[in-house]
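Using the hints, put the two chains back together into the complex; each one sits in its own frame.
One letter stands for each residue in the lines below.
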Amino acid sequence: MATTVNFTGAVDRDLLKRAKIVAAKADTSVNALFNAELRYLVETFEAAEAAGNQNFRVLLDFSLGRLAADEAMGALGIDGEEDLFLLMARAHLPMPRLSQEATAEMIDQLKSLPTA
Amino acid sequence: MAIPRDIALLPDAGPLITLAYAGALDLLFKPGWSVTLVDMLLHELTRSQTPTSAAIAAWTASNSLPVLPTRVFRHFQQTRSENSAPKTRNLGETAVQEIMNEFAIMAPPRIGVFLFEDHRIARASFLVPDNCRKVSTRAFLSFLEHKGWLRSAAEIERRAIQAGRAFSQLRFPPE
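Chains A and B supply the protein sequences, listed in that same order.
Once you know that position 70 of the first sequence is 70 in our numbering, the rest is easy, because the numbers rise by one and skip nothing.
Every position in the second sequence, counted from 1, becomes a number in our numbering once 1000 is added.
No wet-lab data here; the hints were simulated from the structure.
Just so you know, even glycine gets a beta-carbon here, dropped at the ideal spot from N, CA and C.
Just to be clear, a hint being listed does not mean it is correct.
Said to hold, decoys possible - Each computed EDC-like pair below joins lysine to aspartate or glutamate, with the alpha-carbon atoms no more than 20 Å apart:
#, chain 1, residue 1, chain 2, residue 2
1, A, 25, A, 14
2, B, 1134, A, 101
3, B, 1134, A, 105
4, A, 20, B, 1155
5, A, 17, B, 1155
6, A, 111, A, 101
7, A, 111, B, 1145
8, A, 111, B, 1006
9, A, 17, B, 1157
10, B, 1087, A, 79
11, A, 20, A, 37
12, A, 17, A, 101
13, B, 1087, A, 71
14, B, 1147, A, 108
15, B, 1134, A, 108
16, A, 25, B, 1155
17, B, 1030, B, 1130
18, B, 1147, A, 105
19, B, 1087, A, 83
20, B, 1030, A, 108
21, B, 1134, B, 1145
22, A, 17, B, 1145
23, B, 1087, B, 1098
24, B, 1147, B, 1130
25, A, 20, B, 1098
26, A, 111, B, 1130
27, B, 1147, B, 1026
28, B, 1087, A, 70
Stated by the list, open to error - Here are some of the chain B residues that sit facing chain A, going by a computed Cβ distance under 8 Å:
#, residue
29, 1003
30, 1052
31, 1054
32, 1088
33, 1091
34, 1094
35, 1111
36, 1118
37, 1121
38, 1122
39, 1136
40, 1138
Next up, chain B with everything else stripped away, as it sits in the complex (with noise of 0.2 Å):
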């Protein structure tokens, strides 16, 4: 039977942003899994000046979370040097099936817990391993209110939800 520490919690860049906004990230501490963050999804998020960019980056930094390398990353830092335009489509997801790989190969087996959004699950067409789970955040925000360890799932979408719309800068519709 695995520790609570082996197993790691792998979030995509949505759950990220939504808890951001909502202003829970430590959330994501709750069950006691090693929370840990993928490369090119730290890059995607961190890269430009957004509302959550500064909070993900130091909600990293002060909880020295690790930050798993892909070859995806190098290749990208890599073509950026050479080219001012690099592709960028489809780079997190690719990212995140490396590390799916990774985890099937790794030995001893370690549980993989990977949280997305809703939109990437019914979409994203990865292969998950046996010793991977994939599961929403709504999903998750649901398991920690069954637990005990969070008052109201929905209560958490909901100040995610207003705080875009009070944050949103951006024109709509946009040109």
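Pulled out of the complex, with its shape left as it was, chain A reads as follows (with noise of 0.2 Å):
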């Protein structure tokens, strides 16, 4: 049995109140989840690694927003959005987000414009 030990973190709340309601309809925990998550995506890294590919340490990078989109493209080769989209949605990493300030900035100004 792997020793487990506390750590403290932070995480977006929308998205832990939407995984405290994944943890209920699948009877189990929110650690539970973020422990297989996080094992997945640590075991990809570190097989991808291994075999010398070093396309989900791009795909990583583009997620965290410190890869822009035309250069992940380039490194991993590939020359439009769409595969750049599915590739994101096959190795399980988030699409890069904006800040929830940036982005109720933006839906503000979209309410003062008239609509139908």
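In structure tokens, the structure reads:
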């Protein structure tokens, strides 16, 4: 049995709310879900690295906002945004996200416009 | 005060891909704004056969959407006819900037709402004129939810991701 340790982190409020619902439906805990997904990410990263394949690292850097889409597509040898979207979905990595504050500001801009 | 039809909604490639995978392209019509495409982006989305290319082309045609011409696309076509491998990187962004510039000098001024995925907004350094707005797909979907035109913005994102996983025939990690 692996030794477990506690650690402190921060998570998006809405994501945590959704994770609690998923955990309840799956009759498990948020902690178990977190461990499973973190293990998937770590093992995929390590397997790709051991095989000398940098593609997962590229996708992870894109997901974390450290690499632009064009840079990621160049590194992966693909030339379409759709291929990048599909690879991200396949890798179980989220597309890069702006902060909730930035998104809320854009929603306010849209609300100020006339609609049908 | 502008009337809704005078406002142009111009989606980038990313939002069209996301909404096509979610089977929700028609959500773009909900605010009553004039949905307008940019020629270079439409070409990029439909030049190869992909899970969404035919759907986007058919949706564009069936709704008779206006497609704005750009010098960028004209130059691309010209270069392609002379050279088998023209430069393609950043042409979509350059074409969008060209359209934004045209909005800046349009008389009478017209409001343009440019829709991008989050990563484009975070990275691209567009010069956005006062009469244009740069917003994300996520913000647009949340706006629709706020207006009561969409039950759940998060559900659309989930549908797109699930469809992407189901459709993906790409080997992962790619060699």
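inquiry  = Tell me the hint numbers this structure goes against, listed in increasing order.
reply    = 17, 24, 25, 31, 33 and 34
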